[in-house]
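Order-wise, the sequence lines are chains A and B. To convert, note that position 239 of the first sequence is 238 in numbering that gives the first Met the number 0; the numbers rise steadily by one, no gaps. To convert, note that position 117 of the second sequence is 116 in numbering that gives the first Met the number 0; the numbers rise steadily by one, no gaps.
Simulated from the structure, these hints should not be mistaken for laboratory data. Incorrect hints may have been included.
Okay, derived cross-link-like pairs now, PhoX-like style, lysine-lysine, Cα gap no bigger than 20 Å in a straight line [claimed, not checked]:
(1) B/Lys96 - A/Lys227
(2) B/Lys102 - B/Lys83
(3) A/Lys77 - A/Lys95
(4) B/Lys110 - B/Lys98
(5) A/Lys260 - A/Lys77
(6) A/Lys227 - B/Lys83
Computed footprint of chain B on chain A, listed as stretches where at least three residues anywhere in the stretch have a Cβ under 8 Å from a Cβ of chain B [as the list claims (entries may be wrong)]:
(7) 8–20
(8) 104–114
(9) 153–164
Output of the computed footprint for chain A on chain B, the stretches with three or more beta carbons under 8 Å from beta carbons of chain A [stated by the list, open to error]:
(10) 32–42
(11) 103–116
For each residue, glycine too, the CB sits at the ideal point set by N, CA and C.
Below are the chains, spelled out letter by letter.
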Amino acid sequence: MDKNRRNFLKVAGISTLAGLGGTAVVDRLVAGVNVAHASTEGGHGAEQGGHEAAPAAHGHAAAADPNANRYGLVIDVKKFYEDPSLGEKCVQACIKTHNIPEFDEKKDEIKWIWMTNYENAFPENPNKYRDEETESNQLPIMCNHCDNPPCVRACPTKATFRNEDGLVLMDYHRCIGCRFCMAACPYGSRSFNWRDPRPFVKELNRDFPTRMRGVVEKCTFCAELVEKGQLPACVEACGESKAMVFGNLNDPNSEIRKVLKENHTIQRNPSLGTLPSVFYIV
Amino acid sequence: MYDSGKIITGLIIFVLLVTIPVWYNRGTASNVPEPELPKDVKTCVLPKAEITAKHMQLLNQWRDEVIRTGDRSTLEIEGKQYPKSLMLACMKCHTSKVKFCDKCHDYASVKPYCWDCHLAPVE
């Protein structure tokens, strides 16, 4: 075969075209296989378990056994508006139960449950002409114990994880303080211990540990109480007012499911697909 | 042997230097620690030899069972139920960290980080 410049260029050109075209075809085939059917509704445990044959196929990795527990909370915001002292009661109950430090400096703050304005809690529902009650009152927010928790995915050491009861918990022994989870959480539910918290705990609860400097902490839905059959401290603090209802979302006969059936509820930032377990009656 | 005087002196100095830790600490070895055991309770969750050797592994195992797998079953010791917990089980009998934990830990120069978070009993 004679090797001249003309023939070499021809062969080179054709192989380049074939190469480019080939990769495009392969890419498209691969992409076709991996199209994710993510939906914000998908994976809400009980709903799926009841009506669909294969819940796992529809959502995300966390689509757990529909027979397992998935604890959730309904917060009646109106009751918190009616009685502004209620919120403070919940926050204080949480602080006392979990040895949460209280710092003077705002940047050191550790928050498990706290009161905030409507527009901060629900930035996806802006409303220029909001009613006066919403405008002048605050509502409680906390960790949403998402069914699809982004913090768990971000954690490099599995220090934070979703347990069998749907609670997103922390194992402080494993936390290396990288704060990836804080970056991943869209709700700002996590706090980092910049300082040794123990000297700043006002009233020590000797049945519960404190944390150390350099770990991230957050609301646990009072896992240590809930798994003994008790209610979380904030729910307990609301008492008879029923401003907060706690229960198993996967049990169709539970009180929380009854409340959810009877009221229109919203979740925080539903478009992110984190599937929060905390619902708000607004 | 040439220069035997210098070599032997040098060797003696070398041996002395190398054995500094042995003769410097002579006679200062302290007694094996005797942690104070609870008076009213005689049985522990494991036999003495095992708990002495493996209490750290047991604590880790309890931690994993309780927070990871949610297995919060209780332990029965002399008819009393205890949760799997350092603060709520171990330290309920061993009521003094100073007279129990620290005795051996100081002797062995180990510094477990338990008490960074967990609360030792009030003494």
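So, going through the hints one by one against the coordinates:
| no. | hint | verdict |
| --- | --- | --- |
| 1 | B/Lys96 - A/Lys227 | violated (28 Å) |
| 2 | B/Lys102 - B/Lys83 | violated (23 Å) |
| 3 | A/Lys77 - A/Lys95 | violated (25 Å) |
| 4 | B/Lys110 - B/Lys98 | holds (15 Å) |
| 5 | A/Lys260 - A/Lys77 | holds (17 Å) |
| 6 | A/Lys227 - B/Lys83 | holds (13 Å) |
| 7 | 8–20 | violated (count 0) |
| 8 | 104–114 | violated (count 0) |
| 9 | 153–164 | holds (count 4) |
| 10 | 32–42 | violated (count 0) |
| 11 | 103–116 | holds (count 3) |
Consistency note: the structure conflicts with the earlier hints numbered 1, 2, 3, 7, 8 and 10.
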